[in-house]
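Engineer: Using the sequences provided together with the hints, build the complete structure.
Residue numbers (the working numbering), protein chains in the order written: chain A, 4 to 189; chain B, 83 to 283.
For the record, the hints were derived by calculation from the structure and aren't laboratory data.
Among these hints, one or two may not hold up.
[What the hints assert, rightly or not] Result set (SDA-like, lysine to any residue): computed pairs, CA atoms no more than 20 Å apart in a straight line:
#1 B:172 - A:120
#2 B:172 - A:123
#3 A:17 - B:192
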Amino acid sequence: MPTGTNARGATVPKYASTFTAAGFPVSMIDFRGEGHCLCYSPCDAATDTTIVANADVARLPDNLDANLTSGQVTAISNHLEARNIPADWVSIALTWRQLIRDVVGLFQFIQRYKGLGGPGPIFGGSVTLTTTFSQLPLAARNALVAAANSFGYDTSALTGASTVRQILNAMRVAWAAQPINIGITI
Amino acid sequence: MALPKSESFTDANSTTLETHDAGWVNHTTGGQQLDIQSNALHRVTNSIDTFYYWNTDTPTADQYAQAKATVVTTTDGYQGVGVRVQTGTKQHGYWIELANTDRGLYVDGASLIFSDSGALANNDVHYLEVIGSTLKVKINGSTINGSGTTDSTYATAGKLGVYMFGNSLANALRLDDWLGDSLGGGGGGPTVKPLAALGVG
Numbered sequence: 004m005p006t007g008t009n010a011r012g013a014t015v016p017k018y019a020s021t022f023t024a025a026g027f028p029v030s031m032i033d034f035r036g037e038g039h040c041l042c043y044s045p046c047d048a049a050t051d052t053t054i055v056a057n058a059d060v061a062r063l064p065d066n067l068d069a070n071l072t073s074g075q076v077t078a079i080s081n082h083l084e085a086r087n088i089p090a091d092w093v094s095i096a097l098t099w100r101q102l103i104r105d106v107v108g109l110f111q112f113i114q115r116y117k118g119l120g121g122p123g124p125i126f127g128g129s130v131t132l133t134t135t136f137s138q139l140p141l142a143a144r145n146a147l148v149a150a151a152n153s154f155g156y157d158t159s160a161l162t163g164a165s166t167v168r169q170i171l172n173a174m175r176v177a178w179a180a181q182p183i184n185i186g187i188t189i
Numbered sequence: 083m084a085l086p087k088s089e090s091f092t093d094a095n096s097t098t099l100e101t102h103d104a105g106w107v108n109h110t111t112g113g114q115q116l117d118i119q120s121n122a123l124h125r126v127t128n129s130i131d132t133f134y135y136w137n138t139d140t141p142t143a144d145q146y147a148q149a150k151a152t153v154v155t156t157t158d159g160y161q162g163v164g165v166r167v168q169t170g171t172k173q174h175g176y177w178i179e180l181a182n183t184d185r186g187l188y189v190d191g192a193s194l195i196f197s198d199s200g201a202l203a204n205n206d207v208h209y210l211e212v213i214g215s216t217l218k219v220k221i222n223g224s225t226i227n228g229s230g231t232t233d234s235t236y237a238t239a240g241k242l243g244v245y246m247f248g249n250s251l252a253n254a255l256r257l258d259d260w261l262g263d264s265l266g267g268g269g270g271g272p273t274v275k276p277l278a279a280l281g282v283g
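Structural biologist: Below you can see the structure in the form of structure tokens.
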């Protein structure tokens, strides 16, 4: 779902207050600075229905170990790509759990990029997934390299001609589908 | 002094935290201060997020901090502790910010990565740990954010901290018995330690 701002000016899941007002906790792993997040809340059916009614929310299934259907591949790929999250790797061979871990792996990389002072949002101006590394501002290039190095990721296959899509996909893969915690372990 | 570091905030009223012990470093963008009132931590300025970190000791990357809420009012403010506080940039780190109306886990005081409508009460011990990329928040030993929250913002370990915010000085939100330490590898971290057993209070 998108991120928003709460009364104290903090970045939160856009509909966080719907969960908390109903008495449910809400956890977020965000695509830091890019306006989108993965959100989890152990809410009731009524709150779930309210949240899912929002057009900018993609609800993930309860059974994360099921493989995506071809229709789901199309739907979630379109949702991700529209938010500058590469999805050309999504297929029916994946379970939802695998998909989430990979997307969150990408989010973890961007969080580190921001933590190391990377300017952002990356996609706020003329940058798209087809922009090449050499076309990015120097501060962004430096922070991307620093973030990759801090994780110990191999960047030898990436060059100045590598696109942002290729870079983000490489960083996603480097996360190696490690489990993540967002109130529950995925 | 080696870790664990304990702090009972025992000093004359209105002594600022950095005067009380120069090991505490003000980490607030605007420089607003915390002071001691009735041998507990209290904020000097209204409506300003105020952050400090303990600079004398450097914990390992896996670490925790905890403190006890001694005054929680129905109208007044937030308090909490911090881990992996980044000394190079003001307010950067992981912080919990807890009130009697809601509770939250922040990155840099800017991104709220966990929140609920639970209430902090007088004498509640609040606790924050980070192990690897997983953060857990506990109140009186019970984890409130489920399996934890994954975040990878920081490449370096950072310091241990304390935080307060309030809307009214008159209500005098206070915090006491701060404790922070490294966490050993391989475990899930300690449950909340009895403060008295650590010579605090």
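Engineer: Within a Cα-Cα threshold of 20 Å, do residue 172 of chain B and residue 123 of chain A meet the stated pairing?
Structural biologist: Judged against 20 Å, a Cα distance of about 19 Å means the pair holds.
Engineer: Hint check: residue 172 of chain B vs residue 120 of chain A, CA-CA at most 20 Å. Holds or violated?
Structural biologist: holds, 13 Å
Engineer: Between residue 17 of chain A and residue 192 of chain B, is the straight-line Cα distance small enough, at 20 Å or below?
Structural biologist: The given pair, whose Cα atoms are some 14 Å apart, holds under the 20 Å limit.
Checked against the numbered hints above, the structure violates none of them.
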